[in-house]
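Participant: Just so you know, the sequences run in chain order A and B. Under the numbering used here, the first residue of the first sequence is numbered 1, with each subsequent residue one higher. Under the numbering used here, the first residue of the second sequence is numbered 1001, with each subsequent residue one higher.
Everything labelled a hint here was simulated from the structure, so no lab data went into it. We put the beta carbon where it would ideally sit given N, CA and C, even for glycine. Treat each hint with caution, since some may be false.
[Said to hold, decoys possible] Listed next, with one range per pair, are the computed distances between beta-carbon atoms: (1) Pro247(A) <-> Lys1112(B): 29 to 35 Å; (2) Lys1112(B) <-> Ser202(A): 40 to 46 Å; (3) Tyr50(A) <-> Thr1108(B): 52 to 58 Å; (4) Gly141(A) <-> Thr1097(B): 34 to 40 Å.
[Unchecked claim] A few chain A residues facing chain B, derived, Cβ under 10 Å: (5) Ala31; (6) Met39; (7) Ser48; (8) Phe70; (9) Lys74; (10) Thr86; (11) Ile90; (12) Thr103; (13) Asn114; (14) Leu154; (15) Leu266.
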Amino acid sequence: MKINFNSLKQALPSFFSKKGFLFTVSAVLFASTLIFFAMNFAQINSSSEYEISSSARPLNAIYLADNVAFNLSKVLGTSIDVNDSTKQIIMSGNLANSTVQLTAIQDYSSFLTNNYFPLTSGTESINLTSLTDGKAEVYFGSDVQADYNYSSNLIALSPLNSSSLSSIDLNIRASGALSSLVESTTGSGLTVNINYVDDANSFSLTRSVSATALSTITLVYADSSSVLSFGRAYSDRNNSLILQASPDHNTSYIIRAIYSGLPVLLPVKLNGSITSSSKDYNAISNLILQK
Amino acid sequence: MNFNKKEKGFVITVDSFISVSLILIFVLISFYYLSNVSLDSWNAVDARILAFDEAAVLEKSLAVENSIKLSSSELILASLNSTPSGYCFEATVYDSTLSTPLVHAIKTGCTKNSTNLTSVERAIAVKQGSIVTFYILKVVVWGGGA
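The whole structure should be built from the sequences, with the hints applied where relevant.
Facilitator: And the structure:
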């Protein structure tokens, strides 16, 4: 069928042929689009309110894990600071006796379960069995491990792979009075600086010992002794360090260990986990002391 | 002819009046819908994050621990006063059962008269010698403050 456009033009009212008509139609279309978008935005916003509020709920798990990790470092009495660029670990704390430490961890677990978790949204539980076995493990990235064995007043720092120690600074503050010092050191390569203070004595010494053979320095008191071990000292691992304090002498320490090579020292994790769950998420979080 | 010119002017004036009115109506309708958009959910999320952050700052800066030891709210207040303007904060340290308030501080210039409050709790452990004591810190946030 052939359409005669000329006759169609004549049949249409005259204003249809005006340029203004096209302009008006475009303006109306534009304004309608504006209304359409405004309506849609309002509708989507109201329907997504639940998603907005529920999207923030997993924050609870992160917040809770951060809170518990910080609390546990207080309960254990340890302070940790890692400088990943200089490959340096600084740890400080007090080697308390096992009964006090175990009771504190159990009290904390009970406080969380009975008093704190009921206040938080969702369902939470904490697994601290790995800390109540007499030993608390701290992992520095994937390369170094610190064991705080509170049942035997011992703190040990050891690499998990071939990372090597280049120097150790050890500051010790002990109660009582030192009687004598017994050294059994071998080799060289690992620099050890010791600063010791007790109620009656103080000394500083620097030694270069082997990182692959056992060297010991024994602090002898009248009733017992504390032993510092370096090199192949802990779990048959080279480049390790042990401070085993006398149970009769309250001993606080600051360890600064500098590693060579490229060990990954972050994040710093405590051997424990916290489980959080709610309608919107299930999370098992590590207890991270430093990121 | 003059008549034709006048007629054209009249049509243009009416046409523009109608189009401006139409656009105004459309814009007003759009504003009506946009005014119904509620930002309460986003504000609640922001307030919750702020409360989380402030509670963590109060604990990790040892402001809470020292405030408990000194029985003074000064350190907590100093921290609350450094929070972003536009939000009010209140911090209260309770004993481990949340029954007895021990230290309380509210940001300077704020009064707690809002109904839109967001609160978070944080567990606090304070070690003195070999004894560890537990507390609960409650931080409340609301908008429109100093």
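Participant: Taking the hints in turn, state whether each one holds.
Facilitator: Quick rundown of the hints versus the structure:
1. Pro247(A) <-> Lys1112(B): 29 to 35 Å: violated, 51 Å
2. Lys1112(B) <-> Ser202(A): 40 to 46 Å: violated, 54 Å
3. Tyr50(A) <-> Thr1108(B): 52 to 58 Å: This hint is violated: roughly 36 Å between Cβ atoms.
4. Gly141(A) <-> Thr1097(B): 34 to 40 Å: For Thr1097(B) against Gly141(A), whose Cβ atoms are near 39 Å apart, the range 34 to 40 Å holds.
5. Ala31: Since the shortest Cβ distance to chain B is 3 Å, the answer is holds.
6. Met39: holds, 5 Å
7. Ser48: holds, 8 Å
8. Phe70: Holds, because the Cβ-Cβ distance from Phe70(A) to chain B comes to roughly 6 Å (cut-off 10 Å).
9. Lys74: holds, 4 Å
10. Thr86: violated, 22 Å
11. Ile90: Not OK, violated: Ile90(A) not within 10 Å of chain B, min 17 Å.
12. Thr103: holds, 9 Å
13. Asn114: Hint on Asn114(A): holds, closest Cβ of chain B at ~9 Å, below 10 Å.
14. Leu154: violated, 17 Å
15. Leu266: violated, 17 Å
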